[in-house]
Structure formats: C-alpha cells, structure tokens
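Asks: Chain by chain, the residues run as shown.
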Amino acid sequence: MSTAAPSHQDGSTIDDVCIVVPLYNEAPVIGGVISQLRERFCHVVCVDDGSTDGSAAIAESAGARVLRHPVNLGQGAALQTGISYALGRPGIAYLVTFDADGQHRIEDVIGMLEMAREKDLAIVFGSRFLDNRTKAGWAKRIVLKTAVWVTNKTTGLRLSDAHNGLRVIRTDAAKHVNLVQDRMAHATEIVLQLARTRLPWAEYPVEVLYTDYSRGKGQSLLNSVNILVDLLIR
Amino acid sequence: MWIKIILVVVIVIIGLLLVRPPSGDRHLALRRLFMVFLVAVAIISVLIPQWLTWLAHLVGVGRGTDFLLYALVIAFLVFVSTAYRRNALLDRKITQLARAATLAEARAQDAERRAVSVDPVADDTGVSKDS
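Which chain is which? The protein sequence lines are U and D, in order.
Just so we're aligned, residue 17 is where the first sequence starts under our numbering, counting upward by one.
Just so we're aligned, residue 6 is where the second sequence starts under our numbering, counting upward by one.
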C-alpha cells in the first residue's frame with residue numbers, strides 16, 4: 017500500500033474531511049481500519065498514543081498520517097492532539113472521530129456527513145441506541161446507560177448514547193474543544209464542551225460492531241468507576 | 006460527643022476541597038499554614054505532654070494517644086487529597102508537553118514533505134535540491 021496516494025482522481029474520495037483515529041496497541045486490526053478509511057477519505061490522521069506493538073508503523077503503511085505521542089497519555093489526550101492537528105490543516109470542513117478497534121462502520125460516517133451537510137449541523141453524534149442493530153451485553157448496557165445519564169445530567173443535552181467514539185464535528189465547533197480528561201472521561205467532556213457552543217447538533221443511528229476482538233478490549237464495569245471519579249475530581 | 010462532630014465535619018471539608026476546582030496559590034498558602042500549625046503542636050506536645058490529654062478530655066476523647074490517632078488520620082486524608090490534586094495537575098502538564106512535542110514534530114514533517122513535493126528535481130530522488 018502506498019502512502020502517497022492522493023486519489024483525487026477517484027470521485028468518491030472525500031477531501032474536506034479529516035478522520036481522527038486515536039490509536040493504542042491495536043496492531044491486529046488497525047491496518048484494515050485505516051486502509052478502509054483511506055478508500056473513501058483523503059485525510060486520515062492517526063494519533064499513536066505510545067503503542068508498543070508496532071501499531072503506528074502498520075497505520076502509516078496503510079496510508080494514515082501518523083502522529084506519535086512520546087509516552088502513553090490516554091485516549092482523550094490522543095483525541096485532542098488529533099483535533100488540534102486537524103484544525104491546523106487547510107481545507108478541512110469537518111472532523112470525524114473514529115475508534116481504532118474496527119467497531120465503527122464507514123457507511124455510518126458517510127451518512128453522518130451527509131446529514132451534517134444537508135441539515136447544516138455543526139455536530140452529529142453517533143448513537144447505537146437509536147435502533148436495535150447493536151447487540152451489547154447487559155453489563156455493557158448498564159455501563160453505557162450510566163454514562164449517558166451522567167453525560168445528560170452534566171451537559172443538559174438529551175443524548176441516547178454517550179461514549180460512542182463516532183462523531184462528526186464541524187471545524188467551527190471543534191475549535192471549542194479542549195479536552196483535559198486524558199482517560200475515558202473525555203467522552204463526557206467533549207459533549208459538554210460541544211454543548212456549550214450552542215451550535216446545532218443531532219444524533220445519527222449507527223451500528224457498533226462487537227467483534228470478539230473489541231469485546232476483549234472494551235470498557236469494563238470497573239472502568240465506569242474511573243470515569244465517574246475522573247469527572248468528579250479534577 | 007464533640008470529637009465525632011469535629012471529625013465528620015473535617016472529613017466532609019476535605020472531601021469538598023477535593024471536588025472543588027483547584028486554586029494554586031491559596032492551596033499552597035493553606036498547606037504552609039498547616040505545616041506551621043503542625044510544628045507548633047509538636048513542640049507543645051513535647052514540652053507539655055499532659056496538654057494532649059487535656060485537649061482530648063475537652064472534646065470527649067478518653068486518652069491523648071487516641072486523640073493523636075484521630076489527628077493523624079485526618080492529616081493523612083489531607084495528605085492524600087493534596088497529593089492526588091498535585092498528581093492530576095502534573096499529569097495535565099505532561100500531557101500538554103507531550104502534545105506540544107508531537108505537534109511540533111508533525112509540523113516539521115509536514116514542512117519537509119511540502120518541500121520535497123514542491124521541488125521538481127527532488128520529486129523522484131527524495132532529496133531536496135540546494136540552491
């Protein structure tokens with residue numbers, strides 16, 4: 017796979033969108049995720065958060081622009097680095113946050129972007145609870161619903177899903193994002209900061225693919241304790 | 006029992022301090038005042054050991070040593086909460102530092118790539134032409 021594939025000749029490639037992928041030790045899947053993204057998007061920025069399994073090199077050879085954190089800082093930190101970098105690039109209208117573990121679908125991103133452009137929305141949140149496609153276990157459901165509840169209480173928005181890594185953010189909204197939550201609590205923080213912009217937003221039904229791989233790495237019940245403490249004590 | 010009220014109130018205050026957004030200078034001043042207070046108490050306790058027992062009786066605790074234990078527990082809680090705070094602050098600084106380094110490196114790489122792609126001679130060799 018070549019790194020220098022601008023593929024402007026391909027009419028289906030979108031070049032005013034920057035995909036931001038926080039990456040930490042996802043070597044088995046990251047190559048596929050990046051090359052699939054590169055088929056449709058010119059700009060895929062991958063923030064390697066100090067991976068130790070060679071993920072960064074795989075992402076780079078799959079065609080991503082890889083930024084490297086010198087040490088592991090957490091997903092929130094990686095996301096903010098990616099957002100800051102993407103905002104500094106010319107010709108970008110929308111940022112898309114996308115998880116590295118292959119649980120999001122490209123078709124959903126395309127759909128969310130279409131929705132944002134058609135309805136002039138600044139923010140489109142992906143939600144796995146707007147329909148019944150996503151099959152989450154009961155423990156995961158409890159964790160996610162708690163996260164939704166906390167997020168809605170603290171932000172004043174009424175979301176059906178929080179802690180979903182798939183979001184479309186227009187650059188004017190993204191400029192207001194400054195994540196200081198380095199770990200998982202950033203998912204609530206980003207909603208809070210985007211809500212404060214008072215820009216138009218919507219949710220879009222997405223399917224989250226729970227593979228055995230992502231299940232093995234997903235958020236545990238105990239992790240939700242960390243999220244609560246991180247949000248409460250700053 | 007006075008001691009129960011005092012302990013609960015102090016623990017609650019520590020908890021509230023932990024949730025409240027940090028204010029660097031005031032925190033530092035409070036920590037220093039607390040240190041001065043501790044030194045004074047230590048000196049008094051060495052010079053007049055009965056003083057502790059007297060104080061203990063005053064708040065309804067049987068022995069001076071028990072009172073000392075309670076005080077130590079509180080001091081430990083204060084220590085834990087301030088250490089947590091300072092740690093979080095330090096983490097934040099490290100993140101900012103690492104992000105600045107990452108973005109600086111990315112900018113340098115981008116500039117290099119631009120120089121290579123703009124340069125017609127260097128296009129296939131990958132080496133930039135010098136003037």
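Among the hints, erroneous ones may be present.
Looking from chain U toward chain D, a few residues come up when the C-beta cut is under 7 Å (computed) [unchecked claim]: (1) L83; (2) H85; (3) L89; (4) A93; (5) Y101; (6) G118; (7) N194; (8) D198.
Calculated cross-link-like contacts (lysine-lysine; reagent style DSSO-like; alpha-carbon spacing at most 30 Å) [said to hold, decoys possible]: (9) K135(U) / K191(U); (10) K169(U) / K98(D); (11) K151(U) / K169(U); (12) K191(U) / K98(D); (13) K191(U) / K161(U); (14) K161(U) / K151(U).
By construction, these hints were calculated from the structure, which means they are not laboratory data.
Beta carbons: idealized from backbone N, C-alpha and C, even for Gly.
Asks: Tell me the hint numbers this structure goes against, listed in increasing order.
Replies: Hints 6, 7 are the ones this structure does not satisfy, whereas the remaining hints hold.
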